[in-house]
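Given chain A, put chain B in place with the hints provided.
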Amino acid sequence: MDFVEVPVSEDVPVSEDVPAKKSKVKKEKKKKLKREIKEEKEEQGPEPEQPSGTLLPPSYSLSEIKNKQRRHLMFMKLKQEKRKLKLDLRKKRRKEREALGDKAPPKEVPKTIENQRVYDETTVDPEDEEVAYDEGTDEFSAYFNKLTNPKVLITTSDRPRGRTVRFCEQLASVVPNAHVYYRRGLALKRIIPQCVSRDFTYLMVINEDRKVPNGMVLCHLPDGPTAHFKVSSVRLRKEMKRRGKEPTEHHPEVILNNFTTRLGHSIGRMFAALFPQDPQFTGRQVATFHNQRDFIFFRFHRYIFKNEKKVGIQELGPRFTMKLRSLQKGTFDSKYGEYEWVHKRHEMDSSRRKFHL
Amino acid sequence: MQHDDVIWDLIGPKQFCSYKVKTKTGHFCRNEYNITGTCNRQSCPLANSQYATIREEKGQCFLYMKVIERAAFPARMWEKVKLSKNYEKALQEIDENLIYWPFYIRHKCKQRFTKITQYLIRIRKLTLKRQRKLVPLSRKVERREKRREEKALIAAQLDNAIEKELLERLKQGTYGDIYNFPVHAFDKAMEKQDEDSETEEEEDQEGEEEDEEAGKREFVEGDEFEESDLSDFEDMNNLQASGDEDEESEEEEEEESEEEMEEEIEEEKKAPAKSKGKTPLKGPVRKKRAYVEIEYEQETEPASKNKAS
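Chains as they are written, first to last, in the numbering used here: chain A, 1 to 357; chain B, 1 to 309.
No farther apart than 25 Å at their CA atoms in a straight line, the calculated lysine to aspartate or glutamate pairs in the DMTMM-like style are these: (1) A/310 / B/168; (2) A/146 / A/278; (3) B/146 / A/315; (4) A/241 / B/159.
What the simulated footprint calls covered on chain B by chain A, stretch by stretch (three residues with Cβ under 8 Å from a Cβ of chain A suffice, anywhere in the stretch; the number is not a length): (5) 138–147; (6) 159–167.
In case anyone wonders, no lab produced these hints; they're calculated from the structure. Bear in mind the structure is a predicted one, so any value in this text is a computation, not a measurement. For glycine and all other residues, C-beta sits at the position ideal for the given N, C-alpha and C.
Isolated chain A, as found in the complex:
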């Protein structure tokens, strides 16, 4: 505590006015000793009262102040000044814009991850003939030509816990023409031929881990593709805030957002084929699959048009998030199946701006 001794007596008369300025900044009690210490610090250190507040003598840095509270205070002041500078700059720029009027340079668009996304060469062009041809002849063409009606079988992994069971029931209420069956230790490869013979079009298996659903296998039945998703953030109906009543039996509409690449397109068609082709608009229910940065968010809402500019939506139904892990060509066959796409963490997760859906 050597700084207490020497300079105090000298500085006291000089820096009487300084504490007045510093008082607003002080948080601790104004003991005379402390005030003197502060004065002394001000003498030594930066000159915050000066208009160019952040100028420090070259050999001085904020990290050299040993007292934590003082250091913190100085840092806060530094931040405030920076913020003020930024605000002033903004205002100046805005004034310039207004002054220039039409001649002002266009507003700069901030960079977002979606802006900076690495261009994926498999992005679907709306007019691409090859894509159109493929979609006309793939496994979903039967559905999209209104030849088949979707019929979904929902089941779980072995011994499901209450949460998973309730989730399955709610899913069954959301997807029309869906049936829930208990698994009871049956092998999927044996279930699939039986489902096909009973005219099911989809098999959905919810996998459970530690009493919580965490995976989904979606298998399109007459030898269609099998998609394996990681499921997270499952919210059941009773956990929703401001939810409405139960979903009715009307066929909901489907919204598929942001499925741009070829892979995304095929996944989108998979989801679309879960629901019947004729949405009943009187039900005013809509199921949304929204893809953002490779996460697919599922929501189920009831909407009402207040006028043609405003629509109100109310969330019913469960909500969950999915992330695609693999897409396999035939029906479920993890050993001998041919995989169209598998998520390989080391290759695909290396760039933060590259997305596959």
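Okay, now just chain B, sitting in the frame of chain A:
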């Protein structure tokens, strides 16, 4: 020299043996040649110079035998005999090999052999059934994914996106004639957008409606504002109460749609019937118009539903 008793004294019940495992209920022997697995005078492979065991390797059972003559040659101490895969034949082989041996060891060998064959059968059966594959989760990856999911959720702005999509669909006319909103605002909305061939048709329809209403505009305008306010309240009411009132409001909207085609005056009068919850607020306003008579045409409701489908 091989003095079994001395050895047993040294490693026996109260002494230390590195293969011994002491538990609350008894002593176990971890020696791989032990036939019963317990720490006993008769089943200790160290304290018995004449000893035999059954061990299995990759589904094949072998009989191991140790005799005192080979006690000086540790490398050749254990004689390994391969047993046949047939259960009965193997038992006979054990008997042949352990002929004249003490009963205890013979008996225990056969017991052990039986147990081993049983568990081998079970392994074979289980491999045919479904195998559960355990996939390890990396905590770092899971945490990263969770964080990315949260950020993606914020970036997605789901409600806005859904609302925009629904309004787009309304504008493109996918809903057909279910919703008919006041024409002026609709016109404005249409003018704001670029016109496609599809929208030109809609404009034609609106043109017709405008002609119908042209003569009646004088009465209508002042009230229409209230009507739209009321419709907002009605919709708020509907949203809050949801359920039954939704359906009622649908019917009412459809009725409204019919009547818009006919006469707009009647619409306003329907207002008192709709916003039941709001009667106290709207009482005096309504009473001004209450004297005009209303005529509903409920038979045409199914027609409007057909339009929708």
